[in-house]
Amino acid sequence: MRIQRHFRPALCATMALGMAGTAAAETFRWASVTDPQTMDPHAVNAAPVTSFLNNVYEGLVRRDGDLAIEPSLATAWEPLEGEDGWRFTLREGVTYHDGAEFTAEDVRFSYERAASEESDVRSWFAPVTEFRVVDDYTVEFVTDGPNPLFPESIANFLIMDSGWAETNGAERPSRDAENFATRNANGTGPYVLASRDPGVETRLTPFDGWWGEDRGNVTEGIFTPIGNPSTGLAALLSGEIDFIEPIPIQDVARVENQDGFKVIQGLETRVIMFGFGHDHEALLYSDDVSGENPFTDPQVRLAVAHAIDVDTINRVVMRGTVEPAGQLVPEGISGYSEAHAGRPAYDPEQARALLAEAGYPEGFSFGLKCTNDRYINDEAVCRAAASMLAEVGLDAELTTVPVRNYWEQLRADDYDMYLLGWSPGTFDHEHPIRFLMHTQDDEAKLGSWNFGNFSNDRVDELLPMIQNELDPQARQEMIDEVVAIMQEETAYVPLYTEPLIWAAKENVDLTQRADNFFMLRWVTVE
Amino acid sequence: MAWFLIKRLAQSVLVMVAVAFLAFSLFRFVGDPVSQMTGVETSVEDRERLREELGLNDPFALQFLRFTGDLLQGDFGYSYRTRQPVGEMILDRLPATIELGVVALLISLVVGIPAGIYTALRPKGVTSQSVLLLTLVGVSIPTFVIGIMLIFTFGVWLNWLPTFGRGGTVEIGWWESSLLRPEGWRFLILPALTLGVYQLTLTMRLVRAEMMEVMRSDHIRFATARGVPWRRLHFRHALPNTMIPVITIIGLQFGGVIAFSIVTESVFQWPGMGLLFLESIRFVDIPVMSVYLVVIAFFFVVVNLAVDLLYVAIDPRLRVREAA
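For the record, the sequence lines run as chains V and S. In terms of the UniProt record's numbering, the first sequence opens at residue 1 and continues consecutively. In terms of the UniProt record's numbering, the second sequence opens at residue 1 and continues consecutively.
No lab work stands behind these hints: they were computed from the structure. Be aware that one or more of the hints could be misleading.
Among chain V residues calculated to face chain S with C-beta under 7 angstroms, some are [stated by the list, open to error]:
1. Q37
2. D442
3. A444
One-sided and incomplete, this derived list gives chain S residues near chain V with beta-carbon spacing under 8 angstroms [what the hints assert, rightly or not]:
4. W3
5. E45
6. L202
Far from chain V by the CB rule (all over 12 angstroms, computed), these chain S residues [unchecked claim]:
7. I6
8. S12
9. V44
10. L50
11. L150
12. R166
13. G227
14. P229
None of the values given here were measured: they were computed from a predicted structure. Backbone N, C-alpha and C fix where the C-beta goes; we use that ideal spot for every residue, glycine too.
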């Protein structure tokens, strides 16, 4: 299912660069739906921005093709002795695109910038209580408790040159008007931002002084946002672009049948699920139930899980591209619970029995809220699920809204049941536990996407312990316990893991990473 | 005349304020800008602070007054999405939209007027009937379908023309033009055709209807009776009378072409104001949406004013009334 093509490493890349003047000049054009809104790595914590900027800027650590952490600007890291936190040993001899040298001072500057009030990535540094520069090539982050996942959690913390930022008045991310770093960049990464026309075209060229070696043969990368999927497909098939992500599921066959093109398909890390208004006193959109909320009964929630046939949704709506899910993270993510790998089977009889037991033998009607432009075929999936629920007497009145209205409505509790997709930003199970399972607590910044406010004392108790546990075995056992609670209570009904569907010309060799990041240095044009 | 102008200008300003007000009051339903501006991990507290900073918690009237006040001082504000100055963003995209609109309009005139005259003079001919049938199809197919069909035919299948974007431009000051190099035209031709098709059919049918009307009028009958040659009759006596209402409608249509280029721009990823507006809706970029709508209102107002003035110039009766 998952096709991973690996780049040809160092030798080939250097050869290509060496011959750049002659026939090997490889211009690579690619397109995606969304233009990165800014070139400032600390201004917006959104995938299109971080993904793009990882080509230009670098972090202390980075993720490889399988999402594992590997050295980048730091060559080594270890827990501090005698106190909680981490020490990073920095790479020597690294220079920025403008020739300035990379030192610990830049890490301090970038930390202060990224943790400032103006930054949108400051939540990464919430556990940090102190930052120390030990010497030019050693830095220490002190945390408020043992934090085994800290290095992983800052994989997208990109380092900016302090001198460059200060010279150009970009010491802080812009909040209102743009600043110099909004449209310009000076990182240590494999590619230099050669030109930028927001919303139209952005060009990258290889950085000759890059410290790394595993880089493909692209001599110029040209990125264009293309919002309309048909236009994007036409641009690929006409040969004007070499690569596009994503393409709609319904176009997969068309690209595969065309000579000279291929589809690169894999699983993303995003799990699609249904959630409930656990703390709602009554249903909002019911014709027959008033003054009570049947979804507060775990039996009713389990009935929902048994009533939905994920295999049929996969076959009919998603054309066989998804993987059924039973937890809030997909298999392969750290902390995935092997002990609770199952999911409730499709069993309408069981669902009816559960509803009868809960006191709703005839079922009831309620409101289901879904997006129509956020996840792949989201509206069709909800429509299919609604008709399956109707089979057991659960009469869902479906409302679909664009994502720009969606979160606001969920935060205003305007739903009885809702659709949600979750991709763990840290690629660890702790992430959805923190955001979706913990009781809402604005002060402590926990449960901020737990719209229905599912609340379980044991989960709240376990989360800080999971965060601080250094022993992997003990940590996994605690995560297993949370998963058991999630499944016993049917806090959410996980449906499936979303696919990643990319398309490229046959002669393009690239690596698809499950977080949908696109790394230009993994591209080789043959 | 001066009084007439002043009166019209005052009305125009009112129209623009009204559009701004309507647009602004609708934005509350477009969505929540703060959710679009922040990542998933941003805390509720930080989100609330951003909302406060942007003034989104202020009462509607205050937000509107602030917007119009800034606008009057020439301050167009900053985009929520890219943080660029909105005035600059719109100005950057303006040439692409204007050139697209003008070329589309020219296509519709150059093809539409002769076709209209021809079908009016030979209403029963096979060619006329087929042209009319074809235009019926042109009117019925939605613009984006026409666009996609053109893209797949000329871009993917024949591989003659680019499928998206704008290239081959030449800079004249701040104005980037597609019109000066053949390469620019290669990018421009498909979107302009797509945008022009609807206008073309409209122009053609209008010219045809007017021409047939005029041909039935008394002065043409008398001229026919006098034995005026056909050529002279059609092009000297009938056509000018046909053109007066046609010019008015076409003038008014130009505002529409600019405003409705949104669909065409989106299908061809044409970097004009319409595409910018669409992107802005997706991100609930209120400052850009507001300014765009005011600019479009401004276009309509200016075109209307020009048409009114043209009327006065063409039709002597209006001048007499104004003088009296």
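Query - Hint check against the structure, violated hint numbers in rising order - result: 3, 4, 6, 9, 10, 11, 12
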